Amino acid sequence: MRSPCCDKQENNRGAWSKEEDQKLIDYITLHGEVSWRSLPKAAGLLRCGKSCRLRWINYLRPDVKRGNFQEDEDDLIIKLHALLGNRWSLIAGRLPGRTDNEVKNYWNSHLRKKLRGMGIDPDRQRATSALARRRTAWESSNDGDDDTAGSTADVVVTNYEEADRCSNGVPDLNLDLTISMAWDQTRPGRMPDESIGNSTDQALDHEDSTSANPTLLLFR
DNA sequence: AATTTTCCCAACCGCCAGGGG
DNA sequence: GCCCCTGGCGGTTGGGAAAAT
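The opening residue of the first sequence carries number 26 in our numbering; numbering runs sequentially from there.
Please note: incorrect hints may appear among the correct ones.
Unchecked claim - Heads up, simulated DSSO-like pairs for lysine-lysine below, C-alpha to C-alpha not over 30 Å straight-line: (1) K48 - K66; (2) K43 - K75; (3) K90 - K66; (4) K138 - K90.
Claimed, not checked - Derived Cβ-Cβ restraints for the label pairs, each shown as a range: (5) D88 - M143: 25 to 33 Å; (6) N37 - G144: 40 to 48 Å; (7) R137 - L55: 15 to 23 Å.
Hints listed in this document are in silico derivations from the structure and should not be mistaken for laboratory results.
Please read these numbers as outputs of a predicted model, since none were measured by experiment.
Where a beta carbon is used, it is the ideal one built from N, C-alpha and C, also for glycine.
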């Protein structure tokens, strides 16, 4: 039996108060994102480290984008979900300012309905096993690659006929995605087209590379 | 206006992977 | 290779708000 990450009886649970938020913000502003386990005590919070991390990443981080999703963000999520399945962190990595939790909630509460309304089964329009194998092969072939330094380099797909087949039921998709470094959520404000000079770093060059919003229009 | 139902989303939970000793 | 610790991920839940009755 795995021991709990912290003593739940001594900790607050549920919604965060403004005071708790402020303590967390103040501490991280001063010390950065150090050890989450020791952070609560150091910051004077009666929370477990995991809870602090989640609160910071999903809500308090200054670069978190709140508010309604744009049409092109919808398109991108639908497209990426078709390719990647429920890999929310990868999908969120393509949406600057959006978190995996937010994307997941948005998918479950809005996009599923939207797809159903379009006559698409949201659970069946994801990547086939063939594509998953392609991804896995790519990942393992890159094992040991030097220094992607915590960024989640991930393959999407470059105009594969296969990808066309994978998009079962998603009409009029522009599948002209390519391989790139994901947006690094740990570095506020950093967009994909700013990332390390890397041959794979051309993800969004098809789009206006000067744009602050690297999402793609997916429906033609 | 009061009550019930539905929906949304912040937060929690459990599992897994990677790193260090 | 094994164990422990930590961070990260995806699935699920519960409370509150909004909508329906």
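Could you tell me which of the hints above the structure violates, numbers in ascending order?
7
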